[in-house]
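K.L.:
The residues making up each chain are set out below.
Protein chains: 2
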Amino acid sequence: MYTKKIQQHSARTQFSTHSTTGTGNLKLIPLGGLGEVGRNMMLLEYNEAILIIDVGFRMPEEDMLGIDFIVPNISYLKGKQKNIVGIVFTHGHYDHIGAFPYVFKDIWTPGLQIFASPLTRGIILKRQEDFSGQPPLKITQVKDGSRVKLGPFQVEFFRQNHNIPDNLGLFIETPVGNIINTSDFKFDPTPVNDLPTNFQKLEGFARRKVMLLMSDSTGAEQENHSLSEKTIEKNLEEIFQHSSGRIIAATFASLINRIQQIISLSEKYKRKVIIEGYSMKNNVEIGNLLGFIKFKKETIIKAKEIDNYPDSRITIMCTGAQGEGSAVLMRITQKEHPFIRLKKGDSVILSSSVIPGNERTVQILKDDILRQGTKVFHYKMMDIHAGGHAQQEELKQMIRIIKPTFFIPIHGQYSMLAAHAELAKEVGVPEKNILIAENGQIISLNQKRIAVERLVVPSNYVMVDGLGIGDVGDVVLRDRQMLAEDGMFVIVVVVDRQTGKVKGSPDIISRGFIYLRESKGLLNETRKKVIEIVNKTAGSGGAVNWIYIKDEMRNKIGQFFFTKTHRRPMILPVVIEV
Amino acid sequence: MYTKKIQQHSARTQFSTHSTTGTGNLKLIPLGGLGEVGRNMMLLEYNEAILIIDVGFRMPEEDMLGIDFIVPNISYLKGKQKNIVGIVFTHGHYDHIGAFPYVFKDIWTPGLQIFASPLTRGIILKRQEDFSGQPPLKITQVKDGSRVKLGPFQVEFFRQNHNIPDNLGLFIETPVGNIINTSDFKFDPTPVNDLPTNFQKLEGFARRKVMLLMSDSTGAEQENHSLSEKTIEKNLEEIFQHSSGRIIAATFASLINRIQQIISLSEKYKRKVIIEGYSMKNNVEIGNLLGFIKFKKETIIKAKEIDNYPDSRITIMCTGAQGEGSAVLMRITQKEHPFIRLKKGDSVILSSSVIPGNERTVQILKDDILRQGTKVFHYKMMDIHAGGHAQQEELKQMIRIIKPTFFIPIHGQYSMLAAHAELAKEVGVPEKNILIAENGQIISLNQKRIAVERLVVPSNYVMVDGLGIGDVGDVVLRDRQMLAEDGMFVIVVVVDRQTGKVKGSPDIISRGFIYLRESKGLLNETRKKVIEIVNKTAGSGGAVNWIYIKDEMRNKIGQFFFTKTHRRPMILPVVIEV
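If you read the protein sequences in the order shown, they are chains A and B.
Under this note's numbering, the first residue of the first sequence carries the number 11, and numbering increases by one thereafter.
Under this note's numbering, the first residue of the second sequence carries the number 11, and numbering increases by one thereafter.
With the rest of the complex left out, here is chain A (with noise of 0.2 Å):
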């Protein structure tokens, strides 16, 4: 399968380097990212010269069963490994670098050349040593300023704010015209650990004429200005006030300024603080190694020394703010936590957004914290988590300060690429130099025109499943969904080779479409059933023609159990000659 996809799409590049190859046309492809929220990756291509912006992954969507993430399609890239002049992360969010230990052996070449921030790439290096067989990788660092020339690309680094420290934004200068790529991003006046937005590094760039903007769209569909990680602070520390019992504070692993921010507030406070989950404690330990948390070595104590404090001096930060099972925090709300219990007095703070589609068990959980008389502070009840995004005032800003020739949304569901070409317009860039662009469409782009080929590269969804990455495909989620549905009915025939008749009584197997222990009247009718199909066929004279007698088991013994239940297991005919 995966061979053909390379063909196919090898087949189609040629074209279309064909088509553009020597017309000074500079080519956008993006690979995720675009009409969904994660899996962040984009490639520029300039005659063979290719740029690599981000290698994100996302979740699974609700019927993606047993699927762990997806990762971007690259076999746009098969081939053309000779032709990457580089990797640029912009941050260390997985959206934009979890997928990288996925693809970085099919990218690999000797003297590919990687950038990042210092905490980005702590990030990536750190999370690489859980992936074996991987090529040697090296990552340049790079800061607020840093300029490095990568094949016709002059890219230059800007910070930006967000809710993880060392982000930053691209100025990207090509032989067509000079792209900005913003990076997720808010403008915060007072973060964390962090300078606010240089707003005059932006003037400077767009003194420099902007061609494309792209920027983004994560918060445009949200009114007003994102909030200041200083007004989240300032929540926070009301309930650290208030509180005389232990808090126990659940937030991402990835929200650096929101683990400095507890840690801050708990030594304001004169609490200890107990750090909880693996990647929580892997980021502490990054962040507090390249300076971007920072704490008094005597603050952080283990979790088993929790006894030897009173209650209002602990601080418990731990994962799992969405529910999620193996976490930290769910562990400790059902009682399986080794040191850790629930008690009235505790406050327990939700510091995340719910992800879409976490709703529900979010609510469980917080009816079971609940239900043990322990107080939860969340994001609907009080600002204590701030999205990391520009919101509708903050991007219709950036455009302002740009002032972009060109201009495509990016990062996000299509309603929210929508909501921020939108707001482009209503700011003065003309509707014909917007693109709302989609996965693996070719844009080309000159100074005098935005357009999308007609061609496209392969950005289909590429399915992560334990150790196999793209080998589930949609034939076996078809059937996992179908088994999740009404479960399977496995019919075992063993048959006399002369006489074609069924031998003794036909074995079943059943999972998840009936209890089998209080369903015997159907299983012998069953039984029955089988042994009467195959009789009748066998007994019909001729050779016996199996793959015909297994169509007629499915369909009858289909058709026999949805009459008596309204349900339409997988039914799966096994015939043994003998």
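Simulated from the structure, these hints should not be mistaken for laboratory data.
Just so we're clear, the structure is a prediction, and the values are computed from it rather than from any experiment.
Each residue gets a CB set at the ideal place from its N, CA and C atoms; glycine is no exception.
Some hints could be false.
Said to hold, decoys possible - To be clear about the criterion: a stretch of chain B counts as covered by chain A if any three or more of its residues have a C-beta under 8 Å from a C-beta of chain A, and this derived list gives those stretches:
# : segment
1 : 152 to 164
2 : 516 to 525
3 : 575 to 583
Once you have looked at the hints, place chain B on chain A.
P.N.:
Chain B only, in chain A's frame:
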């Protein structure tokens, strides 16, 4: 299993009946609706006499694969049918009437008395047509001010505003004191086809002394006051004013008010209305018949007549605002509807709030509509949907008016009940008089105290899957979850009865695990391992222990698969001796 449940429960009831006989205690037994949204059913028991309030269902949780609905467990009522003095229904929403067809024949006795308002009655009777083999159903109509004496209870019905008309609250006189059940409600000064709340009547109840108030908690986490239906109509009207293309309005079939509003606005703006969707058509028919939905006869046209009118004269009203796969709006969006396709200029109105858990589906629906160049209006953009439930200020007002001795929050997730309990405390109900109860508890009540008995009645989920009610239990669900995650793998080994050795090559059937055609190597290795396991054990002399061999296959092949793929398919070995 079912018999066992009844026996268990009989033992319990004997005890609890014994413990309260002759004490003049009243018992409340919530069988559903507490700690969850939906499945509302409550019993009032005095000595032997039982009054039932509502028989609703709810939607399954995400991990209840293949389940259609969840209904209350009514095993407490088994053997007590003759004690049921009546069933009263508050209103026609499925979370209050939906489980009725599934439990009716188990609680029916000749002469069973059932009461509902005309619209509620119409909806119940219409739905009953879809169920065969039911006992004869007679429902007595009641209205605002009706009083019925049912054993020791006198029930007085009073109208309450909600987003379906003909909704009735209950004022119940019992030998112990008076009880109010608010039904779902909001205070709406300007309702649709309905009168505003009769506060004087509520004050009258208060003067007669209310021992216990049970009040709707669904909106208890929402600040301020709920929206009036009039406000929604104004906002909807703005869309009608500014639309020159077709308007496609999607909402719940049960939101009779919203349906009336869309029809009224269509008439005002000279649009014909096409009604699409089985349940929507049914409800319009009943609502119109009973006078709760009013329109001119010529307003309603058939879908196939759509081309006889210009776009500006067409409204399509349909189901599917939640992105339900089989509903009309999805079929239109997916280009599967026989007569209707989306086009530029159309305006789609999603006039219902998103049910928790449906957020992703609604997002995908929205994106697909926008991709076709159609405008989308949804409740997050403007107030075009009111939840129908009283919010914090109204809930406090209700408690202030009624001045109950005791307070029990009903209808809602635990977090909503807890928030409602806080509100009751705020307006002066003493904490010891407030009870956050849970399904299955027996709440014992006299003029002096409210308490929860030590024993509980069964109130676990009874799952409806196709024709089966309660036959899918935890085992079947766990199997479905496992099958959904990594699929399954059946190994059929034919073994020589004499030698105990494998004959031929084992048959393999697998679904949902890996793509078999691309995994020949893995399959061959698996076959080899299976033969080794069987032959090794068989060769060890003595009687062959097939149970041991099957366990070996499950364990060893399971480990092998996990090492190779990090997946854990369900492994099902079949051994056939010949």
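K.L.:
Against this structure, judge whether each hint is valid.
P.N.:
Structure-based check of all given hints:
no. : hint       : result
1   : 152 to 164 : violated (count 0)
2   : 516 to 525 : holds (count 7)
3   : 575 to 583 : holds (count 5)
Checked against the numbered hints above, the structure breaks only hint 1 and satisfies the rest.
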